[in-house]
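Q: Letter by letter, the chains look like this.
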Amino acid sequence: MSPMMTMAAEEGVSDKTASIPLWLCIPFAGLLLCIAIFPLVKAEWWETHQLHAALFWSLFFIIPFAVKYGIETASETVLECIINDYLTFIVLLFGLFCVSGNITMSGDLAGSPRINVGLLALGTLLSSWIGTTGASMLMIRPIIKMNAWRKRRRHIIIFFIFMVSNLGGCLTPIGDPPLLMGFMRGVPFFWSLKLLPIFLFNMISLLIVFYFIDMRAYRKDIAKGLKPDISKPGTEIQLRGIHNLLFLIMIVAAVILSGTLPSLPAFQDAEGKVMGIRILGEVTLTYPAMIEIAMILLAAFLSFKTTDVSIRRENHFTWGAIKEVAVLFIGIFITMQPALMILKAYGPKLGISAPFEMFWTTGLLSSFLDNTPTYLVFLTTAGSLGFGDGIVTALGMIPVKMLEAISAGAVFMGANTYIGNAPNFMVKAIADENGIRMPSFFGYLLWSFGILIPVFLLDTLVFFL
Amino acid sequence: MATNRDDIKELAEHIYDLDAEVYVHLGSSLGRVFNRDRERCVNELTELLMQRHQGHLVRSELALIANMARTIEDKEERKLCMTEYNRILQEVMSLQTSFASGDVIAPDLARLNALNLQNRFKSTDHRIICISWTYGSGGVNVGFKLADKLKINYYDADIFEAVLKRLEAEKDSVIDAASHEIHLSDESASPASAFLPVKKMTLKQRFREFSRYHGLPKRDAVFFNQSDLLCEMAKKEDFIIMGRCGNAIMTNNRIPHVSIYLSAPFEQRVHRAIEVNSGLDEKKARKMLHRMDRQHAHYYNFYTGGDWGNANNYDLCLNTASYGIDGTVDFILKMLDI
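The listed protein sequences derive, respectively, from chains A and B.
Under this note's numbering, the residue at position 434 of the first sequence is numbered 434, and the numbers go up by one with no gaps.
Take any residue in the second sequence, note its place counting from 1, add 1000, and you have its number in this note's numbering.
Watch out, some of these pointers could steer you wrong.
[Unchecked claim] Straight-line distance between alpha carbons at most 20 angstroms, and here's what the computed EDC-like set of lysine to aspartate or glutamate pairs gives:
no., chain 1, residue 1, chain 2, residue 2
1, B, K1235, B, E1039
2, B, K1235, A, D229
3, A, K224, B, E1044
4, A, K401, A, D389
5, A, K220, B, D1228
6, B, K1218, A, D108
7, B, K1218, A, D229
8, A, K323, B, D1074
9, B, K1075, A, D389
10, B, K1075, B, E1039
11, B, K1149, B, D1330
12, B, K1009, B, E1044
13, B, K1079, A, D389
14, B, K1283, B, E1267
15, A, K220, B, D1037
16, A, K42, B, E1061
17, A, K220, B, E1061
[Claimed, not checked] Estimated spans, in silico, between C-beta atoms of each pair:
no., chain 1, residue 1, chain 2, residue 2, range
18, A, F212, B, C1317, 28 to 36 angstroms
19, A, I37, B, R1005, 53 to 61 angstroms
20, A, L280, B, S1211, 56 to 64 angstroms
21, A, F190, B, K1287, 51 to 59 angstroms
22, A, F212, B, A1311, 24 to 32 angstroms
23, A, W129, B, S1211, 20 to 28 angstroms
The set of hints was computed from the structure by calculation and includes no laboratory data.
Every residue gets a Cβ at the ideal spot worked out from N, C-alpha and C, and that includes glycine.
This is chain A alone, in the form it adopts within the complex (with noise of 0.2 angstroms):
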């Protein structure tokens, strides 16, 4: 997701809305109840109906919304949720998407349990450096690919979901867009590595748990007689579309142009606002985020004109992975306005001012919401508190221990939920499509707080009491 989509909704949000009502945040749970239950009781309906299950609570928000604070700012909010947030996110998934689908791997690589803890660990370290999105949408095909011969792996996609989509990206401001947004606030470029230790630690524990789920997994399909084709001497390892890796590193830079631009004087006004084209009221798209819409796009673009067909033939290239998430996420964001203007209203009022807290405040809100606004109400909240000590930012001073605990904890804790950050849900639906099933939105949340809430302990024991 784009850092412009926070400035504006840091910005964007008016006077008006400051005191939201509760109950407007019933679409949202509304919406996540759908995704949690109707692939259970009625998966087929629910395939062909989610887009009206998106536009049924998003119109159950924007109604009642517009009745109570006027068409014109219900208007404004939704166009600037859509332009400034959505459009972003989804236009950068679809290019990670395009590009990732262009670049296949064949070989007679077996999945074993060291195996797949090597991936594991190889995505999670490049997560940082080309982010979770885009370590994600490269790594997660060629590790189904190997895992094909196995009927116990959707394991493997769960720690791959809490480690190359979202643990991996907390060591720079690539990896993650709340990194980007404190990067943009002033905190140093690398300042995001001192979380190195807490990152070990996690990536540590995580795949030692992996380690032994996966053996356990592989040992029964042996017992059950599968096994993979080996019968060649050899592994010939092929790599197709490589050229595509331009393209990726292309998608990278546009991301990072987005955070970047708006700070450069040649992109603001005389008042200091990020120029762009004005389409309601405040609602503005920017140049800057245009300039990452028309890398991206040119990116997919070239990918798909310069790659043979049979690559994405060979990866079972379709578009349903992406249309799923487009169709259930415009729906996800429109209805989660009205919480992330209460978490605006309240969230510095919540008292909250220890390194633990603001861990576990920053995380569990992320886990459900946008963690790009979520990070930035804490960071704010941090630099309000009036520290002498630590970190200097454009929103004041912040202890270094402080802003470990909010990037640590709007990073790692996306992972709690399908929702929580971007590649989770894009993740799933590939597995999906690729023959594995994976858990419903509640079965993933049963697996997140048995492996990933006592790891989140363990932190805050270690390192922020």
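Assemble chain B onto chain A, guided by the hints.
A: Same frame as chain A, now just chain B:
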């Protein structure tokens, strides 16, 4: 409506064929629901369909096939697949709720039980005998003599040699059973020794091994190749296979066989171990037997999920101390009614 096993098997075949067809239309190696051989998948599906409490698994498998089918680009092909899917779904939904009978017999196992000689072997099936044994029970000698009497092949270390050939590996680089044929008196080496610590390797050697074994641990690659080889051999010849989880491999691949477990009281085994290994005192023999039993149990449990020596895993368990080597051979021959 499918009412008996044959009908249900036919339904399972349709499900498998639909998955295969969807896969052909998609042309992708990703996402196939049933990615093993037809006969095996059909048999497993039939079992699932026969069991009421497993019904949800069949529905989930069908849902996955439908997910894939919906992504077929060609409209006509997609329509054909979805029509077939709907037909199959209707048939699955109309299945009777219970097929249980009062007999203790597990039809699946019974079909593989080679001792049921009248029904067990078809004319195309070969006679395969899998012998597991404890060290010191004379298992190797029993197996060898039995093969001689039955005039069928005896395999132990030969399998390992063939696996090395397939993997293009040097013999010294992989630890496994030493040849029982050559060292009939030395039963100390066994597949379980694959779990013994290996020598330190250079980085280059590690890379070479990584590529050779497809990224798998060496012992797993050897096991998978052994399994493949045994299944291939089972199509061509009669044989006796010593250890190597042969019974589990045959069961998993639905190959009719006789599985035999040979053991003897511990004291008896200690005496035999001392007898056949000059220089081995009682203390050392006891220690070695305990270690060997542990290693065998670990090996068997790792690759089959079952307990080594548990009577439930075999057709016949024999105490060789009660019959001696020749007596045991005669007993088995009599049982086989040859």
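Q: Does each hint hold? Answer for all of them.
A: Checked hints:
A distance of roughly 14 angstroms separates the Cα atoms of B/K1235 and B/E1039; the hinted pair therefore holds under the 20 angstroms criterion. A distance of roughly 19 angstroms separates the Cα atoms of B/K1235 and A/D229; the hinted pair therefore holds under the 20 angstroms criterion. Restraint check for A/K224 and B/E1044: satisfied, since their Cα atoms lie roughly 11 angstroms apart, inside the 20 angstroms limit. Note on A/K401 and A/D389: the hinted pairing holds, with a Cα-Cα distance of about 11 angstroms set against a maximum of 20 angstroms.
About 18 angstroms separates the Cα atoms of A/K220 and B/D1228, which keeps this hinted pair within 20 angstroms; it holds. Of the supplied pair hints, the one linking B/K1218 and A/D108 holds, its CA atoms being roughly 15 angstroms apart against a limit of 20 angstroms. Taken as a hint, the B/K1218 and A/D229 pair is honoured in the structure, with Cα atoms around 15 angstroms apart against an allowance of 20 angstroms. With a C-alpha separation of about 19 angstroms, the suggested pair A/K323 and B/D1074 falls inside the 20 angstroms cut-off, and the hint holds.
Taken as a hint, the B/K1075 and A/D389 pair is broken in the structure, with Cα atoms around 65 angstroms apart against an allowance of 20 angstroms. Restraint check: the Cα-Cα separation between B/K1075 and B/E1039 comes to about 30 angstroms, which exceeds 20 angstroms; the hinted pair is violated. With a CA separation close to 9 angstroms, the supplied pair B/K1149 and B/D1330 stays within the 20 angstroms bound. Under the criterion of a C-alpha separation no larger than 20 angstroms, the hint pairing B/K1009 with B/E1044 is consistent with the structure, at around 10 angstroms.
Of the pairs offered as hints, the one joining B/K1079 and A/D389 is violated, with about 67 angstroms between alpha carbons and a cut-off of 20 angstroms exceeded. Restraint check for B/K1283 and B/E1267: satisfied, since their Cα atoms lie roughly 12 angstroms apart, inside the 20 angstroms limit. A distance of roughly 19 angstroms separates the Cα atoms of A/K220 and B/D1037; the hinted pair therefore holds under the 20 angstroms criterion. Note on A/K42 and B/E1061: the hinted pairing holds, with a Cα-Cα distance of about 16 angstroms set against a maximum of 20 angstroms.
For a cut-off of 20 angstroms, the pair hint linking A/K220 to B/E1061 stands: about 19 angstroms separates their Cα positions. Our hint of 28 to 36 angstroms for A/F212 and B/C1317 holds, since their Cβ atoms are close to 33 angstroms apart. Between A/I37 and B/R1005 the Cβ separation comes to about 37 angstroms, which falls outside the hinted range of 53 to 61 angstroms. At about 60 angstroms, the beta-carbon gap between A/L280 and B/S1211 stays in the expected band of 56 to 64 angstroms.
Range check, A/F190 to B/K1287: about 58 angstroms between beta-carbon atoms, so the 51 to 59 angstroms window is met. Separated by about 30 angstroms at the C-beta atoms, A/F212 and B/A1311 satisfy the suggested range of 24 to 32 angstroms. Judged by the Cβ atoms, the range 20 to 28 angstroms given for A/W129 and B/S1211 holds: they are separated by roughly 27 angstroms.
In this structure, the earlier hints numbered 9, 10, 13 and 19 are contradicted, and the remaining ones agree with it.
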